[in-house]
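A.B. asks: Residues per chain are reported as follows:
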Amino acid sequence: MKATVLVRPKEGILDPEGDAVRQSLRKLGFEVATARVGRVIDLEVGGDDVAAARSEIERMCGELLANPLIESFEIRLEER
Amino acid sequence: MSDRPLIAVVVFPGSNDDRDAAWALGSVGAESAFVWHEETSLPEEAAAVVLPGGFSYGDYLRTGAIASVAPVMDAVRAFAREGGPVLGICNGFQVLCEARLLPGVLRPNRQLEFVCRDAALRVEAVDSPFLRRCVVGQELVIPVKHGEGAWYADEGTFVQLAARGQIVLRYTEDVNGALGNVAGVVNEAGNVMGLMPHPEHAVDPLLGSADGGLLLAALVDAAAAHRLAAAQIETRASRARTARAL
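First to last, the sequence lines map onto chains A and B. FYI, in the numbering used here the residues of the first sequence are 250 to 329. FYI, in the numbering used here the residues of the second sequence are 3 to 248.
Some clues are possibly wrong.
[Unchecked claim] Label-pair distances were calculated between CB atoms; the ranges are:
1) B:31 - A:300: 24 to 34 Å
2) A:263 - B:102: 21 to 31 Å
3) A:292 - B:102: 15 to 25 Å
[Claimed, not checked] Below, a sample of chain A positions facing chain B; criterion: calculated Cβ distance under 8 Å:
4) 263
5) 266
6) 269
7) 273
8) 309
9) 313
To be clear, the hints were calculated from the coordinates, so they are not data collected in a lab. Each residue gets a CB set at the ideal place from its N, CA and C atoms; glycine is no exception.
Work the whole structure out from these sequences, hints included.
C.D. replies: Structure, rendered in structure tokens:
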């Protein structure tokens with residue numbers, strides 16, 4: 250089973266990298282109000298049980314993939 | 003057993019201040035032993051642990067995140083739980099936060115620039131053993147060199163930490179966007195400390211400051227005390243065993 254984890258800076262958390270991206274986009278003439286930079290993690294996990302895979306990946310996020318103090322995460326599972 | 007307490011300096015792939023730390027600890031009266039990140043135990047005589055600066059695992063994922071789950075960290079966690087002194091410097095601080103042995107997290111500097119200069123720090127609390135050679139309000143000059151040094155915690159945690167004296171060092175000016183200009187914190191028990199500045203680079207006036215030596219010498223004091231306490235526990239246990247055998 251393939252899964253994608255999207256990790257984002259939590260709302261309200263200052264994201265200097267996103268700010269720098271926004272400023273550069275504006276320099277290029279694009280109208281951008283905000284930009285936030287996160288991370289994409291593509292996973293391939295065993296088994297066909299979607300619910301089990303989701304809860305396993307939630308644990309992965311809690312223990313390593315995201316830091317709950319500053320990041321939120323979203324899990325997208327690709328069923329076959 | 004040597005008179006000088008043994009301090010374990012953990013080496014991760016990408017650590018680069020491990021040797022400086024060992025040298026500096028030697029200058030304030032400790033022996034040190036390097037412990038590779040794949041080890042699952044610390045040397046038996048280890049009386050303190052230092053997690054040094056550097057870029058462990060290339061700062062992949064988040065600074066300190068991969069190192070926080072390295073095999074050696076279980077041993078470090080157990081050592082800390084028993085009250086053993088653990089000091090994380092720079093990347094070591096990031097590792098301790100990611101390992102949740104210390105509160106908060108280190109984020110990219112607000113200015114998105116690497117800062118590398120002497121920083122003036124104010125001592126905020128001296129209850130933990132690492133600050134025993136300092137007084138509240140004392141100013142220390144210790145260099146910083148980091149790109150991800152902006153300490154952050156939610157407001158409630160921050161207020162609670164400050165009230166408990168767990169915020170031990172603050173920059174006297176905004177260096178990296180850290181909440182409350184926090185430069186160093188300790189855990190609730192006071193035996194685990196992390197700081198972004200590098201005390202091991204400030205142990206000789208010839209290099210601009212010897213203020214880092216105050217923190218490292220206090221660590222050596224704490225290591226000696228921990229070794230003594232461990233020996234007393236062992237003596238009592240051995241007496242109890244003898245008594246039972248009789």
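A.B. asks: Please list, smallest to largest, the hint numbers that this structure does not respect.
C.D. replies: 1, 7, 8
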